[in-house]
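Same order as they appear, the protein sequences are chains A and B.
To convert, count from 1 in the first sequence and add 604; that's this note's numbering.
To convert, count from 1 in the second sequence and add 125; that's this note's numbering.
FYI, nobody ran anything at the bench for these hints, they're computed from the structure.
None of these values were measured; they are calculated from a predicted model.
Cβ atoms here follow ideal geometry from the backbone N, Cα and C, with glycine treated the same way.
Be aware that a few hints might be false.
Here are the computed lysine-lysine pairs in the DSS-like style, where the Cα-Cα straight-line distance is at most 30 Å [as the list claims (entries may be wrong)]:
(1) B/Lys254 x A/Lys838
(2) A/Lys996 x A/Lys731
(3) B/Lys562 x A/Lys838
These stretches of chain A come out as covered by chain B in the derived footprint (C-beta under 8 Å, 3 or more residues) [as the list claims (entries may be wrong)]:
(4) 668-679
(5) 685-698
(6) 787-794
(7) 874-886
Every beta carbon over 10 Å from chain A, so not counted as near; a handful from chain B, in silico [said to hold, decoys possible]:
(8) Glu290
(9) Glu371
(10) Ala497
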Amino acid sequence: MQPQSGLPHPLTGLNVIELAEDPAGEYVGRLLAEMGARVIKLEPPQGAPSRAVGPFARGQTGPDASLNFWFYNSNKASVTVHLGGPDGTAPLVALLGRADIFVCTLQPAALKAAGLDLEALTQTFPKLIVLSVTAFGLTGPWADYKSSDLVALAAGGPLNSCGYDDHSIPPIRPGGNQGYHSAASFAHIAVMLALLERQKTGLGQLLDVSMHEACAVNVELANPYWFYPKVQVKRQTCRHAQPSPTQPALFRCADDRFVYFVLIVAEPKSWEALVRWMDGHGMAAQLTEPDFSDVAYRQANFDQIQELVECFFLVHGSDEMYKEGQAMGLPIGVLNAPEDLFADEHLIARKFFVDVEHEGVGTVPYPGAAYRFSTFGEVARTAAPKLGADTKAVLAEFATKTTEHA
Amino acid sequence: MSERRSPGPGAVIMQQQSASGAPHLSSQIAADSRRPRARQGPLAGVRVADFCWMGVGACATRLLADFGAEVIRIEDRNRLDMPRRLPIYKGEARTYGEEDANPDPNKGGLFNNYNRNKLGVTINMRTAKGRALADRLIAASSVVTENFAPGVMERWGLVYDRLNELSPNVIFARMSGFGHSGPHAEYRSYGPVVQAVSGISHISGLPGEEPSGWGLSYMDNEAAFFNASALLTAIYHRNITGVGAEIDVSAVEAGINLLGPILLDVAVNGRSTRGPDYPPGNRLEHPDAAPHGVYPCAGSDRWIAIAVFNDQEWRGLRSAIGDQDWTRDPRFSSQAARFANQEALDARLAEWTRDKDRHELMHALQARGVAAGAVQTTEDTIDHDPQIAGRGLFFELDHPVIGEALFEGTPVQFSRTVQENWRSAPLLGEDNAHVFKTLLGVEDDEYEELAAEGVI
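Extracted from the complex, chain A is given alone in its bound form:
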């Protein structure tokens, strides 16, 4: 889809001040930057904690080499301020006077220690949208409990559904900071709702996003299984946790990679497609026999079928199985590793990855925007800022603005 009219990006002209110490707050800041907002990341003089988290680029160290920081902070400006000094929060408050959105990940005790009152900020700046994204929310008995991605996924519920058939193995955390990402998803929705509200009323508000709750509503079927039949789902290897066991869905292929495929024998159309596919490779064996056209017979001989399908996949490459199976109309997926994605013909055709220049490293492919609009293109990607790169310029600009305003 090529953008037609080339309109300004939706959040053009909005100033976002980000005081974020974890991926939830940083990711939502990035999402806003990708829609055209100007995101100013406030950091202590030694840098945001995320700069100290690896992996690092090519053995480099220091605040500007963290790939963790790069991933969550592209398209932002970096301003260092000392908020614990004699001026207290004054430098922050000065910036907020000209901001539209304030992203803050401090939990209640940390807010208090920093002398920040979010509720009061919305009184002082009636148009300001204060987006608080914290582990458990700003209120409640656990509001100051510590968290992490693993702890959030555990207490919120998703972890209970993830792991292996063997329950002597603990539940296993799905990779990639998904507890934080869940919080960021809802934070993004919340801030867009608040912007729409502000279009109507001219007023900002305080948004209190809880990562714990974001996880608790991000368990898919496990919630309705408890709302309705009051049953618990039990984790299974790389497939839906269910009230009772279902057959494996991962099939190992000849290249030692996996495909995800649910063998459904009850539905005639997908059954026939599967047999036709296997037969095309001369591997349908007895499945072409008339007995197997009967659903009840198939169900009674399920183990036999499963074994033949396992053999079929085991002697073919995963990519071949993925593409052929899809061509047969079967919902089958290859388990790509991240390194496989850069060569994926579909993603290449869609020009999904975008190049970002990194001084001393060269061009790095970043994932492109997850949504495409016909009326405007993607915001040009820029690398995450070096520590304090924009301090002087931003502070000077905001000081001028404040003077003008006064």
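Chain A is already provided as a structure; the job is to place chain B on it using the hints.
Frame of chain A, contents of chain B only:
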């Protein structure tokens, strides 16, 4: 709990549905409370012709309906939405493969879960009259949404240019697994396939073992959230510019965005994630947290997650453990040492946690400044978690067939914006009369004809 009122004029609508094949409905149902009304919230005044179905689409438009949009689900009586058919019923525990051949379309809990606060109509899009009716509905709407397999909307002629003719500056949101261009645009997918292809299954599991991946369609939910954000952004943009948009969201591309920093490790450092040391299971590679894992607790399949990031937290953990020799082991004397000796540390810690109650231990550790969380089930989060209960995350609505049911709310407290939960999910075709007659001005005799011909 929603209020029960005596039946008002709305009851007539329901009786008509009973006659047309919907299940028996009690006349005591609070019909008034189900009657469509002016909505409140930031999206009040936005009408959505919603062709979405299944999980992704319905979950995305639920967020619009929660915040004031008039979302009109368009359904097909002859091809029931999967969540209407899945046997997630009160009082019956079944795995979702075990469907009824002839399910009651109004009994499915999953449909109720995904479609609260929406209106529901039925249109047979295989008839010319049905498609003409859909055109009228689109003309009266400013947003159109769909998550069909690619080609379905095209078959009905409902491409962006046509929609824009019907409703100038319409927003058209298309939600699919692979996006609407590229060689795999037609590929079939659902949550687990998206998770596989995007890489987020591969990066989850014990090193050297088959991936444990996901035990849920995480990407159905997350793609829904990305779609909801995109829709809200497009509406915001249109409010400024007056111009609509077509939106193309690929769930696979959303999934790749969620891979996190490992993607850059691969891109910049040439890191292989197919080696014997990846994925890291419950351990973290960065930062050097240790212990960092999920440990057994008292009871069957009961666990606690514990994450220690620095010396101060380690001292907190040690003070909870008490005076035990192994905690003074030089192998555990610094964060770097603990990280290097996780195998031994995990074994010791698991021995200690094994006979403890997971919730008591969580609170004891948190009291000492250690990040710890019981691995909670949905019974825990929905029925017992005081943090969630205090903030009112889950709420109840009545449903004419299902009765009182719980719903997942939004994990955000807004100081100004209101989430108006006015009704549980629509019965099949519940709002036909309201939408077609009242909103679109279909005359009584035409309406009867459309019903008799099976168009609605």
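Do the hints match the structure? See the list:
1. B/Lys254 x A/Lys838: 47 Å, violated
2. A/Lys996 x A/Lys731: Holds, at about 26 Å.
3. B/Lys562 x A/Lys838: Violated, because 47 Å separates the two Cα atoms, which is more than 30 Å.
4. 668-679: holds (count 5)
5. 685-698: violated (count 0)
6. 787-794: holds (count 7)
7. 874-886: Answer violated; 0 residues pass the 8 Å Cβ test.
8. Glu290: 15 Å, holds
9. Glu371: 4 Å, violated
10. Ala497: Nearest chain A Cβ is 6 Å from alanine 497 of chain B, so the label is violated.
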